[in-house]
Amino acid sequence: MTTDSITVAPRIAPWHWGLPLLVAVVTAPLWLGLYEPTVFYFLNRQFAVLPDIVWSLLSLFGTGWAVYAVTAPSLWRAPRIILSWLCAAPLAGALTRVGKMMADNPRPLEVLGPQGINVIGEPLYIAAMPSGHSMTAFAAASAIYFSLAPQGRRRLLWLFALAFGVACSRVAVGAHWPADASIGAVAGLFSGLTGAWLAARIPERQLRPQSWLMRGVALFGLYCLYVLLTDEMGFAINLPYQYVLGAFLAVCLALFARRSLQAR
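First residue of the sequence shown: 8, per the working numbering; consecutive thereafter.
Please note that a few of the clues may not be correct.
[To be verified] In silico lysine to aspartate or glutamate, DMTMM-like type, Cα no more than 25 Å apart, as pairs:
1) Lys107 with Glu129
2) Lys107 with Glu239
3) Lys107 with Glu43
4) Lys107 with Glu117
5) Lys107 with Asp238
The set of hints was computed from the structure by calculation and includes no laboratory data.
All chains, full assembly: derive it from the sequences and hints.
See the structure below:
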């Protein structure tokens, strides 16, 4: 992917801002609490047919650390990709924190107990609504998608399928109600659209590897590398894969450093 695929001017149509509302309407039976806990029990048990590693890895890609690692090549190849989701991240983080404080909802394990629930990784009991992993996944997917020129977007529609998988993983591991994942998706879509809109307004001169903006983004990558190598993030089973992501990120940061130190 090249910088030619990235929009310089914003290319977000007015109707795109209605996508979060559309998802909210479609998933209304979930966040209105209809059919619970029946829906949670059904999905949690059906998802259990897949190996635990599938769901734990999907949850890993609902973290900013993993998203940074897989998008690290865009530091020099297509900077607006990584800048778009990084611009979305503060809003997504704020919405997650405020939502959890205001809703103060217990998680399934707190309400239903461990009997009959398939739990993968660290058991969680409080601060359910919204799902931060779902919000991160949909924020990253929509930010990356809308950072592209319209003609280059279609080939990345799979990002939303991946984000949907992350949302499902939060139910599969027993950490969230379906409502938490649906609200996370709604807020994530809005955050991603906002991030892409903001990143489209960053001047071209700031996208060069020699710019202090991109160097700052790369420095943040060092912290992401540290987290990937030292933090289980609730799933000890993921550590070998985090090491692989960390190695990939380290190579990308080294390549960016080489380009950044080259003469303009």
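Pairwise hint evaluation, Glu239 against Lys107, where the allowed Cα distance is 25 Å at most: At roughly 22 Å apart (the allowed maximum being 25 Å), Glu239 and Lys107 satisfy the hint.
Between the alpha carbons of Lys107 and Glu117, is the straight-line distance 25 Å or under? 15 Å, holds
Given the hint that Lys107 pairs with Glu129, does the C-alpha gap stay at or below 25 Å? 19 Å, holds
Sort out whether Asp238 lies within 25 Å of Lys107, counting only the CA atoms. With Cα atoms ~23 Å apart, Lys107 and Asp238 stay inside 25 Å; holds.
Restraint status (C-alpha distance of Lys107 to Glu43 at most 25 Å): 19 Å, holds
Of the numbered hints given earlier, the model fails none.
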